[in-house]
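Given next are the chains, with one letter for each unit.
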Amino acid sequence: MPAATYSSHGHAADMAPEQPDHHAFDGFQWTAESAKKAAAEIAKYPEGRQASAVMALLDIAQRQVGAQTGTQGWLPIPVIEFVSRELLMPYIRVYEVATFYTMYNLVPVGKYHVQLCGTTPCMLRGSDDVMRVLNEKGIYKGQTTPDGLFTLTEVECLGNCATAPMLQINDDNFECLTAEDTARIIDMLAAGEQPQPGPQNGRHSSEPAGGPTTLTAMVEKNHDYRKEWA
Amino acid sequence: MPKLTVDGIEVEVPQGATVLQACEAAGKEIPRFCYHERLSIAGNCRMCLVEVKPGPPKPQASCALPAADGQEVFTESDMTKKAREGVMEFLLINHPLDCPICDQGGECDLQDQALMYGRGTSRYDENKRAVTEKYMGPIIKTVMTRCIHCTRCVRFAEEVAGVEEIGAVGRGENMQITTYLEKTTTSELSGNVIDLCPVGALTSKPYAFRSRPWETVKTNAIDVMDALGSNVVYHARGPQILRVNPRVNDDVNEEWVSDKGRYGPLGLMKRRLDKPYVRQNGKLRAASWEEAFAAIKAGLSGLSGEQIGAIAGDLVDVESMAALKDLVTALGSSRHECRQDGAKIGGEVASPRGGYLFNTGIAPLETADVVLLVGANVRWEAPLVNTRLRKAVRKGGAKVFAIGPEIDLTYAADWIGEELSTLSKLPKAALEALKKAERPAIIVGQGALSRADGAAVLAAAEALANDIGAISGEWNGFNILHTAAARVGGLDLGFTTPGGIEALAGEAAAGKLKALFLHGADELDPVPFKDLFTIYIGHHGDRGVGHADVILPAASFAEKNGTWVNMEGRVQHSFRAVYPPGDAREDWAILRALSDVLGKTLPYDTYEELRDRIAKDWPHLAVPGLSAPSWSALGISGAGAIGADPLRYPIGDYYLTNPVARASEVMQECAEVILRDEHRVLEAAE
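Protein sequence lines correspond, in order, to chains C and A. Those letters in the first sequence? Residues 8 to 237, by this note's numbering. Those letters in the second sequence? Residues 20 to 705, by this note's numbering.
Certain hints may be false.
Stated by the list, open to error - In silico EDC-like links for lysine to aspartate or glutamate, alpha-carbon gap of 20 Å or less:
{"no.": "1", "chain 1": "A", "residue 1": "Lys454", "chain 2": "A", "residue 2": "Glu385"}
{"no.": "2", "chain 1": "A", "residue 1": "Lys202", "chain 2": "C", "residue 2": "Asp231"}
{"no.": "3", "chain 1": "C", "residue 1": "Lys144", "chain 2": "C", "residue 2": "Glu88"}
{"no.": "4", "chain 1": "A", "residue 1": "Lys202", "chain 2": "C", "residue 2": "Glu103"}
{"no.": "5", "chain 1": "A", "residue 1": "Lys101", "chain 2": "A", "residue 2": "Asp131"}
{"no.": "6", "chain 1": "A", "residue 1": "Lys202", "chain 2": "C", "residue 2": "Asp33"}
{"no.": "7", "chain 1": "A", "residue 1": "Lys414", "chain 2": "A", "residue 2": "Glu192"}
{"no.": "8", "chain 1": "A", "residue 1": "Lys202", "chain 2": "C", "residue 2": "Glu187"}
{"no.": "9", "chain 1": "A", "residue 1": "Lys147", "chain 2": "A", "residue 2": "Glu183"}
{"no.": "10", "chain 1": "A", "residue 1": "Lys414", "chain 2": "A", "residue 2": "Asp270"}
{"no.": "11", "chain 1": "A", "residue 1": "Lys77", "chain 2": "A", "residue 2": "Glu56"}
Everything labelled a hint here was simulated from the structure, so no lab data went into it.
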């Protein structure tokens with residue numbers, strides 16, 4: 008797969024990209040499974056308000072393209088127009104949505120879409136190390152690796168500040184990363200294995216790293232603190 | 020009715036008014052970019068911030084804030100002033116300071132408001148953002164770096180034009196306004212976004228780098244490219260009309276004008292007839308006025324009155340037609356005809372004025388609740404009537420039924436068949452809806468009336484109008500949609516002959532008609548008339564001159580004072596913007612001089628005397644505006660039945676409907692690019 012060129016912000020959707028060869032998707036149609044999902048999304052809204060389902064349908068379409076191409080999927084122009092027709096919307100209205108949201112890819116991405124958060128909390132907790140490791144693995148911002156496996160996008164906050172730094176790879180978050188964790192995760196993915204998502208340092212979620220510091224009595228069993236507050 | 024104070028001035032505004040409107044009512048000017056009276060409220064430019072009490076201790080966007088009882092608004096407080104300076108500073112961060120090379124310079128909202136409400140100097144020394152130009156077609160030139168993202172163009176395209184092709188893609192700092200995939204906008208009203216754009220992002224491509232607004236002479240005029248009578252301003256420099264802008268007239272064109280009205284008149288500098296011509300040995304040669312008049316005298320000599328005919332074109336003014344009618348009448352003929360397309364309206368078909376007018380009126384059409392279109396491609400025949408219909412559908416929930424080949428009208432229509440005979444046996448749903456409607460409107464297009472069975476269509480439409488109660492008291496729902504600016508004026512003058520153009524063609528074939536005046540008549544089939552002694556009076560060397568024996572160069576609509584009557588019967592005066600080129604003269608003066616040569620001197624020596632003469636016979640044409648409606652039964656008899664011929668719309672190519680538009684390069688390019696999708700090689704530099 009050719010390396011797609013991204014804009015300075017690393018987001019594929021910045022502005023009407025020169026889409027590579029989207030004519031392969033002329034005549035795009037739902038698969039039976041996608042059609043069912045799309046119908047369910049449209050059914051959520053009152054009759055005549057089907058346009059409200061545009062974001063869901065674009066996502067379904069992107070995932071279908073992903074399944075067809077063995078990647079994380081993207082939205083070629085014929086697919087955007089297909090969704091417009093499904094929802095009786097003018098093309099430009101759907102195109103506006105597709106270019107506005109960063110989770111819609113307007114150029115092809117790899118099998119693994121690696122999104123690195125570089126916002127302040129992640130940066131303070133070492134996202135630069137993560138970026139360095141990714142670069143060492145040949146994964147560069149705004150590019151897809153020549154083997155078509157990884158596409159790296161630098162993104163703004165994804166809401167994992169308490170478990171920074173983090174990577175979002177496809178639909179999973181990998182948190183509390185060190186350089187070693189990052190290397191391990193990338194290597195496992197490259198080898199076709201599935202690393203365990205979530206915090207990589209043994210935390211269950213975003214609880215304090217050294218165990219709870221407050222409400223310690225609640226760890227084992229339910230405890231009524233109200234008497235102690237009197 | 021909320022009562023509030025603006026800078027201490029108490030004002031009372033209607034329920035639902037905004038603070039911005041209240042400020043205007045108090046005589047305070049509020050700067051704005053995104054807010055526009057005729058578009059929905061966006062509230063995204065923030066330039067209209069004012070201080071409002073009670074409310075949060077921060078400035079508020081007055082365009083989007085409803086006026087409420089007891090509010091105190093401060094438009095000159097320190098908070099307001101600081102807010103405006105801040106917004107302006109942010110707007111200017113990414114706006115190039117290229118006013119000297121910007122076509123908007125001198126009529127730019129940003130320029131003016133930066134001067135009035137901005138800081139004196141810039142504190143910004145970072146890099147500015149730059150945006151690539153977007154292709155939007157032959158009319159709109161884009162310099163998108165100048166865009167401040169007010170989205171007026173996006174809202175206009177969606178709400179007024181009904182062609183959703185312009186949008187904002189990307190987000191935040193990367194937001195850009197573009198047409199979908201940089202295709203040409205296909206609206207007939209796209210030029211209006213040029214006027215709407217408060218900065219120089221969307222400017223007029225044909226007008227690019229032509230002049231500054233203070234260099235042109237502005238003349239109030241009436242657009243003749245369609246029968247709406249849009250109020251426009253011609254901007255002229257020297258002999259040339261550089262551009263046409265709309266004037267506000269809420270009863271007619273609001274503040275829009277069609278692309279043809281805007282760029283058609285650019286054809287006035289091309290293919291002009293600037294001297295008289297006389298045909299000698301089968302070839303036209305330039306001649307003097309005396310020679311031309313002598314040739315006419317020779318050509319008409321020995322002919323009796325009824326052997327001389329006259330056909331008036333679609334662009335001519337009332338005064339010219341009156342003078343021609345007087346001349347032909349003085350020659351003893353009644354063979355004068357203005358219905359070039361053979362429409363069966365007016366004259367002997369249906370004499371009351373209501374029989375050929377758009378009786379509902381253009382503005383009141385917005386309030387119609389059920390509309391029936393009969394062979395009318397409203398979008399092409401009168402784009403600004405279509406916007407009114409679209410408003411009726413969007414805002415009033417009107418239901419539109421249509422008879423004719425299916426087209427995209429920009430709103431939903433129920434197509435109930437292509438055959439005109441449907442008119443007398445409407446489907447139950449349509450008939451019931453029309454009967455139940457409080458303000459039903461039937462709109463009959465020229466495509467339905469210019470057929471052989473046109474009179475039958477007119478009779479059926481009248482019968483239907485009576486059947487559904489479309490004509491009652493204040494409301495008259497019987498409408499004829501016109502395409503020719505001169506038509507209603509011509510019918511008012513009685514510039515008709517029994518049998519219309521077909522009768523004239525028949526007489527020509529039978530050798531009864533021997534000579535013909537073509538007064539700017541370029542839209543008729545020349546074949547039946549090709550052997551007649553033909554005198555062409557007009558301004559463009561178009562279809563009409565092909566078989567002419569004498570050509571008299573006349574002034575165009577922009578080169579004379581004149582009166583036009585629009586399709587609803589509104590009398591409007593237009594003024595001379597430039598002088599006719601070369602030897603061309605005003606039509607009435609040509610006819611007056613010719614009458615002298617022919618020994619039938621017309622009784623007026625000045626334009627004013629001609630107007631007095633018109634006022635005497637047709638008093639309503641002397642008073643600008645609408646005269647009282649004159650409706651009575653049309654009394655059509657012996658119309659026969661409606662035939663089964665397929666219905667065809669009269670306009671095949673929206674951009675090239677008259678000689679002036681055909682001479683306009685912009686209109687030619689629009690026709691190529693928009694209608695036929697043939698793209699010329701893109702201009703490299705633009």
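Any hints from earlier that this structure breaks? Give me their numbers in increasing order, please. Numbers 2, 3, 7, 8, 9 and 11 - these are the hints that the structure violates, sorted from lowest upward.
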